[in-house]
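Each chain is listed here by its residues.
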Amino acid sequence: MGGPRILRSWRFPAGGKARPLRMVLLLLGSVGTATILSMALGTVPIPFPDVLSFLLQRIVNPGALGSSCPVPVVVEGQVVPCTILAAILWENRVPEILLALLVGGALAISGGTMQGIFRNPLGDPYLLGISSGAAVGAAAFFVAGYGLQYALVALPLFAFLGAMGSAAVILLASHSGRSTVETLLLTGVALASFFGAVISLVITLRPLSSIPLTFWTLGYLSNATWGEVALAFGGILAGSLFLALHGRDLNLLQLGDETARGLGCDVERVRRRLLVLSALVTAVAVAFSGAIGFVGLISPHIIRRLRGPDYRYLLPLSTLFGGLFLLLADDLAVTILGGGGELPPGVITSFVGAPFFLWILYRRRRRLG
Amino acid sequence: MKESAIPPLETSGLSVVLGGQRVLRDVTLSVAPGEFVALVGPNGSGKTTLLRAALGMIPSDGDVRLYGRDVRGLRPRERARLASWVPQQEVPADNLPVVDFVTLGRYPHQGSFAPSRPEDFSAVEEALREADVDPFRNRGVLDLSGGERQRVLFARALAQRAPLLLLDEPTSHLDMAHQLEIMDHLRRYVRRSRDHAVVASVHDLNLASRFADRILWLSEGRLVSAGPPGETITSDLVYRVFGVWAEVHRRGDRAFVFPRLDSGPGKDLPVTGRPQVHVVGGGGSAEALLERLVPMGYPVTAGVLHLLDSDAETCGRLRIPAAFEAPFSPLSAEARERNRKMMRAADLIILAPFSVGEGNLGNLEDPLELLRAGGTVWTLAGPSLPERDFTGGRASQLYRSLIAHGAREFQRMEDLLQAIAEFAPEAGGGTRRDGPLEGRLLPPGPVRSS
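Protein sequences, first through last, are from chains A and B.
Going by the working numbering, the first sequence opens with residue 1, and the numbers climb by one from there.
Going by the working numbering, the second sequence opens with residue 1, and the numbers climb by one from there.
Extracted from the complex, chain A is given alone in its bound form:
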């Protein structure tokens, strides 16, 4: 029974099994472990004792950074000085790790929010074309040729404008008549390929030597700077916190607009606000990392499996999970191309995410008959 909006693939055992606090601790522990693991991995593998010693120095005596490495690292027959290792860790790896965590979290929470506001299990900033909108906005900044010294602030701004363009189209599509899964998805597909074409055109006409094309389509986490991390941290944390506070509203929206209105929810306003916020969070992520797919799709689904559908827990837990997921994907990309090449993290997330996406679609089809 029920209309086309009933999405049986969203049926999970009620209540979820895991307790939220236990899950938060588990996820935080995993993030910590993954961080240390990621610091060790890279073009130059750094042994764990050195990583731990680095961390210890960082905490106890930052002035003496790189003064001692328990295990010497040898590259091409030469011992790499401790200070170099510390610099690699502090200037390259740690920002990259933090950016991966932030971007993954941002994509996950905006994916979860979009799934909630559209009552649609396939909500994801990448699938709905929000990410590519942001990417076009960011690319527009470079093409416009403004001074790169403004990039840190202007880039997220341009990305946000692009993301809002996509969000507006999606909002219109979801308003006009019946916002079926198909309408939304097809709108997203159309937006994504349209913006993809725009980016390709722009990059081809005015090649940006410093930024590879794949940055925009598959993401790019290497060469992250502390400035980027700081800005992403600020934007994403603020947006995510505000989003996470809307768990109750999102729970209400799951009952359908009619009921939500009956219970005193200003449905249109809540939906608009949440879409703008998630576009903002997505835009900040895309501005510094390019468009990475499927993190926003997978993370909320896995958390829903583990914890149940309550958005008050779903959003924060998904954020943690998304960060962890992207970090591990990046590690895998680094490990696979150990020789120093750069495999975009989006390759890994798509490898995992696309089959997952198909699985959700297939389950949904089957349930709907």
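Warning: the hint list may mix true and false statements.
What the hints assert, rightly or not - Reference excerpt, derived from the structure (chain A facing chain B, CB under 10 Å, subset only):
hint, residue
1, E91
2, Q149
3, A151
4, F194
5, R206
6, L245
7, H246
8, R248
9, D249
10, Q254
11, L255
12, E258
13, R261
14, D310
Read the hints as simulated data drawn from the structure, not as lab findings.
For glycine and all other residues, C-beta sits at the position ideal for the given N, C-alpha and C.
Once you've looked at the hints, dock chain B against the given chain A.
Frame of chain A, contents of chain B only:
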């Protein structure tokens, strides 16, 4: 208690246009504190629209007040603290546990960001007990049966703690026991506090009659009648609103209806241009035909029938004007004259396969006379005439004469009804000369059993 004097819901001149269509016209009503009002009407009559307009959820013209306050001036949360709303179909996208689902009813009392407070928990606990859903509080709402889910919706509305409860078809997906249960809950709800009131659209007239204090009848967006069940339910009104013929039985201050099964197709036929049909019958031979014709909307008359005869009783039940004769008497000149007058007024005269004796030979002679004068006479064949001819052949003679003069004979009732439906009075050159029948010739007292 000053509060309880203010009507929980009041509308005046409420009109709604949806998609260019006027779905609610000038509805003025007032729901008293402590009242359980049932909204009845066929699909598309505007019940749901009225409820939604009462909550200010759709644009409307006219005045709507909840406890004296203009609904359009209320903020959504304020409104939700005055009135709770249970839509007919709610398909939650998520499989929330019952207890969390019911807790969402506290939304209008909570900020978006503040955590639940003790009074939220106690309201939820009370609602869970009240609606009897406590035993499965930890199950997922999608894993419940229809009846359980309906009770959970009710529990959520209770947790909302709004004095006015608006429900759209709360019984539509339920079995009999759960229908009674929900309606009983609603009735008890309005009795519990002087501020409480319930407005529910209900498909089942008998449920509405049994539980509601007052019934509002909606037809094509208009409020056509309102009143206590025992007074407002009449077969006339049921026919007018639902297009269904129903017997109405009164029990105490309630009234219950028994709809006739065969009254369905009538509404699909065009209203205009239907021929007036006069049926000549007797002894129950016309009963089946009359019961088909009336619901199909034809103006029907009948004659000459003996009182206490089952055809006469059918006419009484269906309120068919007819020419009557006293029981077991030969047809009098007056009765035959009345019958002839009705036949002349009709476009079509139909002879049912009645048995003919000396006493009612006139029921063949008079149609023959009309036929000769240019009227249209059709017959429905039943048992062959020799079998029902108790006049020594004179009836058979008359019948042959009828056929010879052009009376069409139909072997099956379906063919006859089809031909009636296709019969155009104007083109067919009907016999109607005296103009439409004035007034209604209802049978005398004893026959009007229902």
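**Request:** Using 10 Å as the Cβ threshold, decide whether F194(A) counts as touching chain B.
**Result:** Where the cut-off is 10 Å and the nearest Cβ of chain B is about 29 Å from F194(A), the hint is violated.
**Request:** Could you check if Q254(A) really has its C-beta closer than 10 Å to a C-beta on chain B?
**Result:** With a minimum Cβ separation of about 4 Å from chain B (threshold 10 Å), the hint on Q254(A) holds.
**Message:** Let's test the interface hint: is any C-beta of chain B closer than 10 Å to that of D249(A)?
**Reply:** Status holds, d = 6 Å.
**Asked** Minimum Cβ distance from E258(A) to chain B below 10 Å?
**Response** holds, 5 Å
**Request:** Double-check A151(A) for me: the hint is only fine if its C-beta lies closer than 10 Å to a C-beta in chain B.
**Result:** violated, 35 Å
**Request:** Would you settle whether the hint for H246(A) is holds or violated, based on the nearest Cβ-Cβ distance to chain B being less than 10 Å?
**Result:** holds, 6 Å
**Asked** Would the hint on R248(A) stand, with a C-beta cut-off of 10 Å toward chain B?
**Response** holds, 6 Å
**Asked** Close enough to count: is the Cβ of L255(A) nearer than 10 Å to one in chain B?
**Response** holds, 5 Å
**Request:** With a cut-off of 10 Å on the beta carbons, see whether D310(A) makes it to chain B.
**Result:** holds, 6 Å
**Request:** Would you settle whether the hint for R261(A) is holds or violated, based on the nearest Cβ-Cβ distance to chain B being less than 10 Å?
**Result:** At 5 Å from the nearest chain B Cβ, R261(A) passes the 10 Å test, so the hint holds.
**Message:** Quick check on E91(A) please, does its C-beta sit within 10 Å of some C-beta on chain B?
**Reply:** violated, 39 Å
**Item:** Evaluation of the interface hint that places L245(A) against chain B, nearest CB under 10 Å
**Value:** holds, 5 Å
Hints 1, 2, 3, 4 and 5, counting from the list given before, are not met by this structure.
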